[in-house]
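Student: Each chain, letter by letter, is given below.
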Amino acid sequence: MARMKIDNYAYADVPRLGVTGWLRWTWRQVTSMRVALILLIALALAAIPGSVLPQWPQNAGDTRAFIDANPFWGPVLDATGFLDVFGSAWFTAIYVLLFASLIGCIVPRVGVYWRELRSEVPAAPSRLDRYEPLEVATDRAPAQVIESARTELSGSGPVRWFTGYRVRVDEREDRDGMPVLALSAHKGHVRELGNLLFHVSLIGILVAVAAGSLLTYRGQALIVEGDTFTNAVVAYDSYEAGALFSEDDLDPWILSLDQFDAVFGTTGLPEDFTAHATLTEPGKEPREVEAQVNRPIQVDGAKIYLQGNGYAPRFTITDSAGEVAFQGAVPFLPQDGVYTSTGVVKVPDVTEGEQLGFKATLLPTAVASDTGPISAHPDLTNPVIYLQAYTGDLGLDSGVPQNVYQLDESQLSPVRGDDGEPLLVPLRLGETITLPDGLGTVTWESVPRFAAFDLRRDPTLPWLLGASVGALAGLALSLFGARRRIWVLAPLGAQEPGADGKTTVVTAAAWAPAHDSAVRDERDGVLTTATGTQVATSPEEE
Amino acid sequence: MTAQELSWLALWGATALYAIAMVASAVHLARVADAKVAAKARAEHKVTAAGGAANGSAESTATRASAPTTASATPALHDKANGIAKATTLMGALLQGVGVVARGVEAGHVPWSTMYEYTITGTWVAVVVFLIVQRKRDVSYLAPGVTGFATIALGLGMTVLYAQSTGLQPALQSFWLIIHVSIAIIATGIFTVGAVATVLQLWRDYRDDSELPVADAGNALTRASRRWRNWNVRVLKSWTWLEAVPAPAKLEALAFRLHAVGFVLWTFTVMAGAVWAEHAWGRYWGWDPKEVWSFVIWVIYAAYLHARTTQGWAGRRSAVLALIGFVALIMNFTVVNLVFQGLHSYAGV
Ligand code: HEM
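Residue numbers (this note's numbering), protein chains in the order written: chain A, 1 to 542; chain B, 1 to 349.
Hints are supplied without guarantee of correctness; some may be wrong.
Said to hold, decoys possible - Far from chain A by the CB rule (all over 12 Å, computed), these chain B residues: (1) Val105; (2) Ser225; (3) Val335.
Unchecked claim - Coverage of chain B stretches by chain A, computed from C-beta distances (three or more under 8 Å per stretch; other residues unrestricted): (4) 116 to 125; (5) 202 to 212.
Calculated from the structure, these hints are not laboratory results. Please read these numbers as outputs of a predicted model, since none were measured by experiment. Positions of the beta carbon are idealized from the N, C-alpha and C atoms, including for glycine.
Just need the whole structure built from these sequences, with the hints factored in.
Tutor: Written as structure tokens, this is what we have:
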């Protein structure tokens, strides 16, 4: 069985024919550094379409529009996963392979590392010529030289294991049969530890993310000032939970929105949003809480994020019989930076006649423009609502859940003015308008604000953070930890004193990767301490 | 003078100084290269003069002979152009520092919340990183690249990207803005200097290649690609100033150290971004375009780090990966901000 070099980290046995041989060969390929490299490049390439094309999970509306606008490419890209890259089979395949490769790579290396740590470092080479050795004569005894080099290199203090070298000293014969004390010092165990910690932490991150998707729940709720929300699945506007999350785990706390502050600059840019609320947890005193964009409210292991806000005009609507058919605040969704907001009012419970529906646009600071009235600022300086009324069947009884922000116009007809055109009436705050044909009246009572909250509980966050910190620490150790070897040889045999009366000629050499030229300074430093002779710092070579 | 005017003037002043520094350092580089070429020629001359000497020793004579000549050429290293380059770069950096701080004072928050602010701060960090590296070793060969990059980026920033300072939007009002973005900028600055060293490494490396025969190549495609390659090699050979640049292996070592620091900081940037996103948006990762690209950049540099230790990839190919990473970094800051929609779009112009 021949040995074939795949790369510097993995050797594969070129297999004889046979299933196990091929399996083993495939596994070696998968765990080789080159395959890891190619998978990394593939991962980077595969991610790019996810930022270029619209994606279902990020923006379903845009994605729908994209498919409609590209009748050929839209469906093709959709079917091949390009419109949901990060959930696609091919993206998943790449990272699963990468992590398989990672595990296959890391597990044996942990074993190797463990054995290496427990065994002695390799002895010094018998000749140091290859490593540009330095020779220094000293009158210290060889044993003294080596002992002080050992102390110097091993380091001291409680963090010695991290900062020092692993050292071994042999008494042996050199090539000419002369006895010599050979010190061999290795550093690199911290670097390797960091490397292993980093790669293992990557696996930890992946596991935490995967577990998170099973255990997380999140829901969205919109609360108008003065209203209250009770934590239960039915109360959310939308709700998602991982497969392992049970609805019974929801704690029935109550959140009421007391006040929402929004501050805008003169140009209309938002400066501050704060929701002041009262939170009542079961069996506890109510407490005041505050949510800001970067400061969620914490409750029962979950966080409540402030995600959006807007106006929720409060209307009172009477029907043709003069009875109050509707009273309440209706959230209007802001459509732009100046809070031009649109909303829909549905009035199903009329005492007589047809049901009423309204489409409305709120301009917080209405001003005239060439194209008609627009809003100039998000603050309520000159609020006007443009109302369009409809009569007919709202379609609420069909049993199909309806979007509260949309009017199903299929069985509705617009209320028309004297000219026969659909009527568009401006309504100011506090005003009441009377609908034509005795249909009723609409009064705009007030404009509370609403806050949109996003609630999320992900019990894996601490694990994720831990794994990330581990990865970062491991990476730093791995990239900045040195990999160095230093050797010091001191002959033991009786030597003739030289002209300067010094008897021991100590030889020292060092090795490190090309980017680490400081190793020579360290070698010189050790030699200086060990011999008591100042060793000139070697000039950096070209 | 208002803070705004001060910032504006200081930044234009810095741009001008960097432009001068770029020219001066290029002149310096050309001189060093000339001196080196001359020294080499003299050394070769001596070797041929020693003609009869045994072939084996010819090489050692050459190295020994070149030593004193390079030594005598050393004064050229401290010529006037170098002095000007160093002084203008330093003054430019000081002036730019004033400009950046003044912008921060004017805006009332850290000067890195818009593309314009990111540009002025990022280029400043790149120059400062270069100055720090220069304190320890002679890296004057990086100077034209770094100052050239700073001149162009700053000039573009001032003319194209300039935006009036505004207050901070609620989503940006966070301690994480300071942490996440400042580290991102520092990483970018370090990657920039690393990219300059990598470009030089590749040029130096390809320069030593010999041209490949075109005629005997199999098909037209190979012939065309060889012609293209040979043309590149010829151009590089004509750039004598590359003589002043250290050997590829040395540049690789320097570039690696920079990339290693940059990579750790970038890892931190991505993680801090996730923590911030968790606070602000309620999810730590949502594959928003900015997040996608930060991830892509991270993965490319990780590939670079692996390539360095993979046979057949170490050297040129890994260097190319590092440059692709840098291109992605610049894309993330330009194309992604301007073209793609995402939650990060408030960082736009
Ligand atoms: C999830 C994908 C991976 C990522 C993000 C990743 C990232 C990194 C990074 C950033 C380094 C640099 C640390 C250093 O240079 O010391 C590194 C080093 C290393 N990685 Fe990975 N890695 C991944 C997968 C793998 C796989 C699959 C293998 C095994 C084939 C592997 C083997 C190594 C080795 C041996 C080193 C040390 C290189 C050296 O000598 O410096 N990695 N990795």
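Student: Say whether it holds or is violated: B/Val105 keeps its Cβ farther than 12 Å from all Cβ of chain A.
Tutor: Non-interface label on B/Val105 holds, nearest chain A Cβ at 18 Å vs cutoff 12 Å.
Student: Determine whether the non-interface label on B/Ser225 survives the test: each CB of chain A must be over 12 Å from its CB.
Tutor: Given a closest Cβ separation of 21 Å, the condition holds.
Student: For the region 116 to 125 of chain B, count the residues whose Cβ lies under 8 Å from any Cβ of chain A; is that count three or more?
Tutor: Since 0 is below three, the answer is violated.
Student: Measuring Cβ to Cβ, find out whether B/Val335 lies farther than 12 Å from everything in chain A.
Tutor: Violated, because the least Cβ-Cβ distance between B/Val335 and chain A comes to about 10 Å, which does not exceed 12 Å.
Student: Closer than 8 Å Cβ to Cβ for three or more residues is the test here. Does the region 202 to 212 of chain B pass it with chain A?
Tutor: violated (count 0)
Violation of the numbered hints given earlier is confined to hints 3, 4 and 5; the remaining hints are satisfied by the structure.
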